[in-house]
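Here the protein sequences line up with chains A and F, keeping their order. Numbering follows numbering that gives the first Met the number 0, with no gaps: position 49 of the first sequence is 48. Numbering follows numbering that gives the first Met the number 0, with no gaps: position 166 of the second sequence is 165.
Derived by calculation from the structure, the hints in this document are not laboratory data. Be a bit skeptical, because a hint or two may be false.
As the list claims (entries may be wrong) - Part of the chain A face toward chain F, derived, beta carbon under 8 Å: (1) Thr36; (2) Lys39; (3) Asp41; (4) Trp42; (5) Leu71; (6) Gly84; (7) Cys107; (8) Asp118; (9) Ala122; (10) Leu297; (11) Asp298; (12) Gln302; (13) Leu341; (14) Ala346; (15) Gln351; (16) Ser355.
Here a beta-carbon is modelled for each residue, glycine too, at the ideal position from N, C-alpha and C.
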Amino acid sequence: MPRPAPKPVVLPCEAAVRVEEAGGDLRVTLGGTWRVTAEKPDWFPARLRTNPAVLRVALGGDIGEWDSSLLLFIHEVRTWAQGAGVECDFGALPEGMRAMLAQFTEACEQVRPTERALDFVSAVGVAAQDAWAKTGEIANFVGECVLSGVYLAKHPHKFRMRDCLEQMQQCGAMSLPIVSLISLLIGLIMAYQSAILMRQFGADIYVADAVGLVMVRELGAMMTAVILAGRTGAAFAATLGNMRANDEIDALQTFGIRPVDFLVMPRLIALGLMMPLLALYANGVGILGGMVVALGLLDIPPQAYWVQTMSAIDLSDVSTGLIKASAFGILVGLSGCHRGLLAERSAAGVGQAATSEVVMGLLLIILADAFFAVAFNIFGL
Amino acid sequence: MVATQEKSPVEKAAIEALGIDCGYGGDPLLKDLSFAVKPGEIFFIIGGSGCGKSTLLRHLIGLNRPSAGDVKFFGESFMEADADRRGALLKRFGVLYQGGALWSSLSLLENICLPLEEYTTLTRRERSELAAFKLSQVGLAGYENYYPSEISGGMKKRAGLARALALDPAIVFFDEPSAGLDPITSRKLDELILQIRQLLGTTCVVVSHELDSIFSIADRVLMLDKAAKGRIALGDPRLLAVESDDERVREFLSRGERPGEKGFDTAGGRPQ
Numbered sequence: 000m001p002r003p004a005p006k007p008v009v010l011p012c013e014a015a016v017r018v019e020e021a022g023g024d025l026r027v028t029l030g031g032t033w034r035v036t037a038e039k040p041d042w043f044p045a046r047l048r049t050n051p052a053v054l055r056v057a058l059g060g061d062i063g064e065w066d067s068s069l070l071l072f073i074h075e076v077r078t079w080a081q082g083a084g085v086e087c088d089f090g091a092l093p094e095g096m097r098a099m100l101a102q103f104t105e106a107c108e109q110v111r112p113t114e115r116a117l118d119f120v121s122a123v124g125v126a127a128q129d130a131w132a133k134t135g136e137i138a139n140f141v142g143e144c145v146l147s148g149v150y151l152a153k154h155p156h157k158f159r160m161r162d163c164l165e166q167m168q169q170c171g172a173m174s175l176p177i178v179s180l181i182s183l184l185i186g187l188i189m190a191y192q193s194a195i196l197m198r199q200f201g202a203d204i205y206v207a208d209a210v211g212l213v214m215v216r217e218l219g220a221m222m223t224a225v226i227l228a229g230r231t232g233a234a235f236a237a238t239l240g241n242m243r244a245n246d247e248i249d250a251l252q253t254f255g256i257r258p259v260d261f262l263v264m265p266r267l268i269a270l271g272l273m274m275p276l277l278a279l280y281a282n283g284v285g286i287l288g289g290m291v292v293a294l295g296l297l298d299i300p301p302q303a304y305w306v307q308t309m310s311a312i313d314l315s316d317v318s319t320g321l322i323k324a325s326a327f328g329i330l331v332g333l334s335g336c337h338r339g340l341l342a343e344r345s346a347a348g349v350g351q352a353a354t355s356e357v358v359m360g361l362l363l364i365i366l367a368d369a370f371f372a373v374a375f376n377i378f379g380l
Numbered sequence: 000m001v002a003t004q005e006k007s008p009v010e011k012a013a014i015e016a017l018g019i020d021c022g023y024g025g026d027p028l029l030k031d032l033s034f035a036v037k038p039g040e041i042f043f044i045i046g047g048s049g050c051g052k053s054t055l056l057r058h059l060i061g062l063n064r065p066s067a068g069d070v071k072f073f074g075e076s077f078m079e080a081d082a083d084r085r086g087a088l089l090k091r092f093g094v095l096y097q098g099g100a101l102w103s104s105l106s107l108l109e110n111i112c113l114p115l116e117e118y119t120t121l122t123r124r125e126r127s128e129l130a131a132f133k134l135s136q137v138g139l140a141g142y143e144n145y146y147p148s149e150i151s152g153g154m155k156k157r158a159g160l161a162r163a164l165a166l167d168p169a170i171v172f173f174d175e176p177s178a179g180l181d182p183i184t185s186r187k188l189d190e191l192i193l194q195i196r197q198l199l200g201t202t203c204v205v206v207s208h209e210l211d212s213i214f215s216i217a218d219r220v221l222m223l224d225k226a227a228k229g230r231i232a233l234g235d236p237r238l239l240a241v242e243s244d245d246e247r248v249r250e251f252l253s254r255g256e257r258p259g260e261k262g263f264d265t266a267g268g269r270p271q
């Protein structure tokens, strides 16, 4: 049940401060109940015409319960007195309170800001070292995954099939709704945008070519990968990061079980298998989106649209998309697991792991896409 | 030196549980539990694993709502209080969680300043002076600008205590204060609990099964049992250890019995 934010209830001041001038001395008597959550009592040293020679602080007979606020007040009185060059006399206070006051003063004086900021040169140096170390880590991790893949191929019974199936369910079937929605909208948008251009040339039917080719070769795989980088990759990073914070990864290692075999491979394989299927599905839904726009805006019947699409795309277009999707899936899985396994052992560390997974996942997807574009061009696919 | 307590003619119990049922949905772990904690008392909640100690604590401090019964602080019902009153009551108690539960994005000083910022009219400078004092009280002077991830488990616990004491609460709850601490640190923590009570008259409610702590600082213990779904003993642990009619109580509180003498009760480990 949402609770309205509590109003800051400040208790009324029940503390009493009596200030009396006697001769050249100033006598401050403290009484009443002192609570840190109550309003602070006033005292007016500024109103004095002349500074006293000695300031004596004492507890009155009417002193009730008191807490740190009393110490804080006496500390304030003393700070004022030191500033005004007035001598303080706490002789009338109980000994225990004087001891606490001494501790209070000492504690206040000890606070030193810890210098955390680095100068420019050091910051650059640290960042460079960090980047180098990270590159090593990533290379190491990829190597471990390859070794683990070889090992599991030799010992297939060691593979965690149940985990893999569960992950497939999580990243495959459970992603269908969001993948459907986004691909449908992408298909619609593509069809709208290309319709504006095609209409000028009376080439309305070529909207089907544009939507079909772009979805199948490029956007189907890419959009699915982007969705899964945000959805599944971040979940991998958060889960493994939390497991690391809980020492679960260490526990695996002390049993001689490699975390990569146990945790990473089922996830990588699940994503690598599910991503092409999802991309294929996204292609279909995207083409459907284009069909809707063609029918509504350009009066192209679905049959004609379908025939045109079929003539525009061939198997090599579909297969390039699927190869890419599989590669994207493995990249998203790698970056998610890598970030999770190396997360800092704290709540903030887990959050950071998820964040950097998404950034790294997207970066890898785009880089791989560029690589594939060049490679497919060379091979004429 | 003791802060004088204003004694009202009829001294109200600091905490009063009136027939509460505690659990997380389904069958309650604790049924129809009643007890009262006197002001200034060091009150231990003890019992074997899974008997509902921590559950009871969660229900007392309002993190979970008892499905029946009522919890009163200084005679005022916590369950029936409106949001404002609840806030005012919440200010009167502090909780030390098992792992310290420090906010990891804030430094130790900021951790202690946050409740002060929320509930007092102190200036920023006064807040940090007070926070520094609280840290020095638990022996963490000089660590003000450290983050929780930079200090050890025992230090986190002490910092958690400093934060629980930030508002000088009337009641402090401790969830397993000595779990995971070395004997010296845990003894120091016990001394700290005694010191807080002596200086400020604070009521301390401690969930623990550390026999050393129980015998050295507890005024009274409330012993819970899983099978009985409630209390099986309430009183001075030193007397209960020898005088209790209940064998479970004597066994729990008996020291010096060597491990292995009785054999492991395998039946107790099975879920029922």
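Going through the hints against the structure:
About 5 Å separates the beta-carbon of A:Thr36 from the nearest beta-carbon of chain F, less than 8 Å, and the hint is met. Because the closest C-beta pair between A:Lys39 and chain F is about 6 Å apart, less than 8 Å, the hint holds. For A:Asp41, the suggested interface contact is broken, since its CB lies about 12 Å from the closest CB of chain F, more than 8 Å. Checking A:Trp42 against chain F by beta carbon gives a least distance of about 14 Å; that is not within 8 Å, so the hint is violated.
Annotation: interface hint on A:Leu71 holds; nearest CB of chain F at approximately 6 Å, less than 8 Å. Taking 8 Å as the C-beta cut-off, the interface hint given for A:Gly84 is violated, the closest approach to chain F being about 21 Å. A least Cβ separation of about 5 Å between A:Cys107 and chain F falls short of the 8 Å threshold, and the interface hint therefore holds. Interface restraint check for A:Asp118: the shortest CB-CB distance to chain F comes to about 19 Å, outside 8 Å, so the restraint is violated.
A hinted interface residue such as A:Ala122 counts as satisfied when its beta carbon comes closer than 8 Å to some beta carbon of chain F; here the least separation is about 19 Å, so the hint is violated. About 54 Å separates the beta-carbon of A:Leu297 from the nearest beta-carbon of chain F, more than 8 Å, and the hint is not met. The beta carbon of A:Asp298 is not positioned within 8 Å of any beta carbon in chain F (closest approach about 58 Å), and the interface hint is therefore violated. Interface hint status for A:Gln302: violated, as the beta-carbon distance to the closest one in chain F is roughly 57 Å, over 8 Å.
Restraint check, A:Leu341 versus chain F: the minimum CB separation of about 15 Å is more than 8 Å; hint violated. Taking 8 Å as the C-beta cut-off, the interface hint given for A:Ala346 holds, the closest approach to chain F being about 5 Å. Among the interface hints, the one on A:Gln351 is violated; its C-beta lies about 11 Å from the nearest C-beta in chain F, farther than the 8 Å criterion. At a threshold of 8 Å, the smallest CB-CB gap from A:Ser355 to chain F is about 17 Å, leaving the interface hint violated.
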